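Engineer: Given next are the chains, with one letter for each unit.
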Amino acid sequence: MADLVATDLCMTFTNPQTGAKVEALKDVNFRLKEGEILSVLGPSGCGKTTLLNIVAGFINPSSGTVALDDEIIKGPGADRGMVFQQGALFEWLPVEKNVDFGLRMKKTGKAEAAAKVDHWLDTVGLQGFGKTPTYQLSGGMQQRVALARCLVNDPEVILMDEPLGALDALTREKMQSLVLELWKETGKTIMIITHSVEEALLLGERLFVMAPRPGRLHKEYRLPFAERGLNESLREIKKDPEFSRVREEILTMIWDMEEEIMGRV
Amino acid sequence: MFDWLSDNRALIAAVLILLALVSFVATIVIGRKQSAIREKDEVFGDPERNKRGWYWAVCGVSALFLIWFYYSWGTARAFFPKAANELCQVAKLDEALSPINAALPATSRYYKSTTLVARNREQLEALAIPAGIFTAAEQAQSQALYAKVSSLLALQSDPSHLGQDARNELEALATGLSGLASDLEARAKAGNDAPSAEALAQPSWGTTHVEIPLLPETARGVAFDAIAMQASGLAKSFTRIRNHPPEAEALITEIRGEIDALQEAQASDPAMQEARDDFLKAFERIFRRLDDGTIFPAAALNGVEAAIDNLDKASMVAQGGLSWVAFAFFPGGEIVKSRTQCTEQGTGRWLPKPTDVVAQLGQLANPNLEDGGGFKGTTLLWWKWLPIADIVAFFVPDWIADVMPGDYARNNELGEVNPNFKDHVLAFAQGDIYMGAIPMLDGHIWDSLFRVIVALVLGVVLGVPLGIMMGVSRFFKSFFDPLIELYRPVPPLAWAPLILTIFGIQDDGKIFLLFMVAFAIMVISARTGASGTQLSKIRASHSLGASVGQILRHVILPNAMPEILTGIRIAIGVCWGTLVAAEMLAGTTGVGFIENVARTVSDYELIWVTILIMGVLGLVFDMCMRWVIHKTIPWRGKG
Ligand SMILES: Nc1ncnc2c1ncn2[C@@H]1O[C@H](COP(=O)(O)OP(=O)(O)OP(=O)(O)O)[C@@H](O)[C@H]1O
Ligand SMILES: [Mg+2]
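Same order as they appear, the protein sequences are chains A and B. Residues in the first sequence are numbered consecutively from 842, following my numbering. Residues in the second sequence are numbered consecutively from 57, following my numbering.
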């Protein structure tokens, strides 16, 4: 069972200058089953990125563990692919070299790598852009390259930190469909952090709303919209009264949290 | 071909100057038109406004060349090739008259006599009699001496006391000078003086190491030359004229007698003897300057002065257009006749003409050493056969042979030495085994380039890895930082004496010096580049399964590439500057060496040639690097 399991996760940052402590995460517990898609919402500074970084293995939690396949995560690895807000592409390499980066690091055969790159570039809709320098691509195309680069490596979990945050509304919608398609096609476990409630509702089969100070899971939803998004147009789903209701509920929740923070400051 | 070019440099210069003028004017016209067109699409401050514009570049270069030609008197030589020769003849007259002029206010503001009187009076007044050196009688006597010397000055300055001899001689001189003036004018008007065959056979201006042909080549020149010859006779007679009024003679004898008497008598107080001697000696020194008759009444020279004025006017008339040429085309200096030659002085001297610089460069670039090419036994830039054994010897250390088992060969009882394997290895390591030869560049420029390139390669090969490690590792950063930061700020030339002592003045020392420079720059730039890698890229590559080594090689290194290449570009510039200075300190080859020799013999053409070579090579280096940067990191700043 390739489940992603977080147990009693705590993360406390200490400011090296002032010595002030920030509880970025406190007692976070969850289990993400293989093939589930999870979106994480929450006001700014509630520890979403921290959570993702711990799962990716970039930072170690103060206490508690995250395990994938019953194996405790101790550092970054190719089994957990990552997509950043800004592609974090290697601008000195053309698109195809960016995409096959992971394969080259694993010393995969040339022919096999080329075939995989072609396939994934096709899938994300970038066929024919293999030789293009990445800095000549638009923001949306760069994000597709980042997705392909991650997928080509065949990770068990895909982690995305606001992957569509820097895109315009139209591109964003297309990319949301693309993410759902990829989810359906690959059946991978996906964890998406987003600031947009709509996006969280559309993409998340499960949805965590996090609360700040200390960062914790505040409320969990199970939602049908991602499943429906595989067949229906996303715009139709957005018109669904149930969709609107959940959206309003979550917005109010986050709004209240923000208010609370402001009040405290 | 080369000789023809060299002999006709004036003509070539004329063509070049005209071309420069035309392109200067034409590019201004083009530039103004272009600006008028562009003004419509580009507002002021738009960075696009400083792009392109080759015509202004051509305009600037043309202007530079025109200024160079003008101030080096290249224009004068191109369009008035005989002017220097004629000015040389004029200078001869000036030189001939200089003894007379020196006595007149024309060149030195005061009459020479006025200066002498003023100085003598001043010194006389400044000379006080120290107390106690004289008896009362002597005191009175010496005070009277002061008065006598003073009246001697008056006698010599009084026109009514001017001696008859001097009067006659000065009159004769004035007449002679007037004669010269009318002679010069007549000759200039007639213009039928023929230059000698010898004069016409002289090499033209600037083609040999004798700058300006000395003998007159034109009718005007011949006239001036002849007049100058006569003038120098007159000037000689002038220097012999003395002003000895009869009254002064008696006074001089009287003063001398009194000084002698005072000097013979002893001081009453022996302790004062020394002070007394000193005073009398000083007094005598002033007096001596008065008894040789070189002081004249100012009015006595009126006749001579008028005659000289006259001659000057005649000279101006005779020069005619030449004086205008001298004024307009010989800026910043003049042609001066010294004892045996005429030379350019001022800008004409230290700013060689462009054509001469090229000619000098051509001579240096000539690879045929027997034919006077190259410099000090080395070509400028050529090639030679380099034995492979030399390269082997450079890389294989001698101790390889020492550590071989066994002993080196010894002389046997037959008195022979049979080399064994160990000896052969030694011969190999020392480059004594012939293994063929490869063509290799050679010459001063190559020597300089070689030093820079080797140092640079070493600096990059060692500096970049260290810099990258310092950029990513706390240990490397903290451990090596103090080392590098301590030696780096020291100007490289401050290390030079030490390093040249340790490594010798050959290539080793210079290469090491340059290596130090390049190494520090490369370390710092690679470090900056490496530590500037975006965290998200590093994290992404971790997530893609890259190992530490792979991240260094495939992410951090390429990410640091812009800084590294910029570092190389800077290092080349700094190395080049340091190298030339290091070569000036020591060594026997290299561009800096040439300049150093040129400096010691004041060979301005050679100095300019080396400056030119250094500038052009530096520019070529930089353009290469810019091209490399453009080709290899088009993605710079676009991540
Ligand atoms: N390296 C760090 N050192 C100290 N404090 C940190 C560090 N990283 C995060 N924090 C603190 O932890 C808290 C959570 O940060 P985190 O980046 O996880 O928030 P977030 O939910 O991703 O916010 P946003 O939505 O704005 O991206 C914040 O208060 C932040 O100040
Ligand atoms: Mg965040």
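By construction, these hints were calculated from the structure, which means they are not laboratory data. On a predicted model such as this, the values are computed, not experimentally measured, just so you know. Beta carbons: idealized from backbone N, C-alpha and C, even for Gly. A few of these clues could be false.
[What the hints assert, rightly or not] Pulled from the structure, derived: some chain B residues nowhere near chain A, Cβ distances all over 12 Å:
hint: 1; residue: Leu61
hint: 2; residue: Ile73
hint: 3; residue: Ser91
hint: 4; residue: Asp102
hint: 5; residue: Gln199
hint: 6; residue: Glu225
hint: 7; residue: Lys245
hint: 8; residue: Pro423
hint: 9; residue: Glu426
hint: 10; residue: Asp458
hint: 11; residue: Arg530
hint: 12; residue: Ala596
hint: 13; residue: Asp678
hint: 14; residue: Trp691
[To be verified] Capping the alpha-carbon separation at 27 Å, the derived lysine-lysine pairs in BS3-like fashion look like this:
hint: 15; chain 1: B; residue 1: Lys593; chain 2: A; residue 2: Lys1029
hint: 16; chain 1: A; residue 1: Lys915; chain 2: B; residue 2: Lys593
hint: 17; chain 1: A; residue 1: Lys1015; chain 2: B; residue 2: Lys593
hint: 18; chain 1: A; residue 1: Lys972; chain 2: B; residue 2: Lys533
hint: 19; chain 1: A; residue 1: Lys1060; chain 2: A; residue 2: Lys862
hint: 20; chain 1: A; residue 1: Lys915; chain 2: A; residue 2: Lys867
hint: 21; chain 1: B; residue 1: Lys593; chain 2: A; residue 2: Lys948
hint: 22; chain 1: B; residue 1: Lys593; chain 2: A; residue 2: Lys957
hint: 23; chain 1: A; residue 1: Lys1029; chain 2: A; residue 2: Lys948
hint: 24; chain 1: B; residue 1: Lys687; chain 2: A; residue 2: Lys938
hint: 25; chain 1: B; residue 1: Lys478; chain 2: B; residue 2: Lys593
hint: 26; chain 1: A; residue 1: Lys938; chain 2: A; residue 2: Lys948
hint: 27; chain 1: B; residue 1: Lys292; chain 2: A; residue 2: Lys938
hint: 28; chain 1: B; residue 1: Lys593; chain 2: A; residue 2: Lys972
Engineer: With reference to the structure, classify each hint as holding or not holding.
Structural biologist: Here's how the hints hold up against the structure:
no.	hint	verdict
1	Leu61	50 Å, holds
2	Ile73	49 Å, holds
3	Ser91	33 Å, holds
4	Asp102	24 Å, holds
5	Gln199	92 Å, holds
6	Glu225	94 Å, holds
7	Lys245	82 Å, holds
8	Pro423	44 Å, holds
9	Glu426	54 Å, holds
10	Asp458	44 Å, holds
11	Arg530	14 Å, holds
12	Ala596	4 Å, violated
13	Asp678	23 Å, holds
14	Trp691	4 Å, violated
15	Lys593/B to Lys1029/A	23 Å, holds
16	Lys915/A to Lys593/B	20 Å, holds
17	Lys1015/A to Lys593/B	25 Å, holds
18	Lys972/A to Lys533/B	37 Å, violated
19	Lys1060/A to Lys862/A	25 Å, holds
20	Lys915/A to Lys867/A	19 Å, holds
21	Lys593/B to Lys948/A	20 Å, holds
22	Lys593/B to Lys957/A	22 Å, holds
23	Lys1029/A to Lys948/A	24 Å, holds
24	Lys687/B to Lys938/A	18 Å, holds
25	Lys478/B to Lys593/B	56 Å, violated
26	Lys938/A to Lys948/A	13 Å, holds
27	Lys292/B to Lys938/A	93 Å, violated
28	Lys593/B to Lys972/A	20 Å, holds
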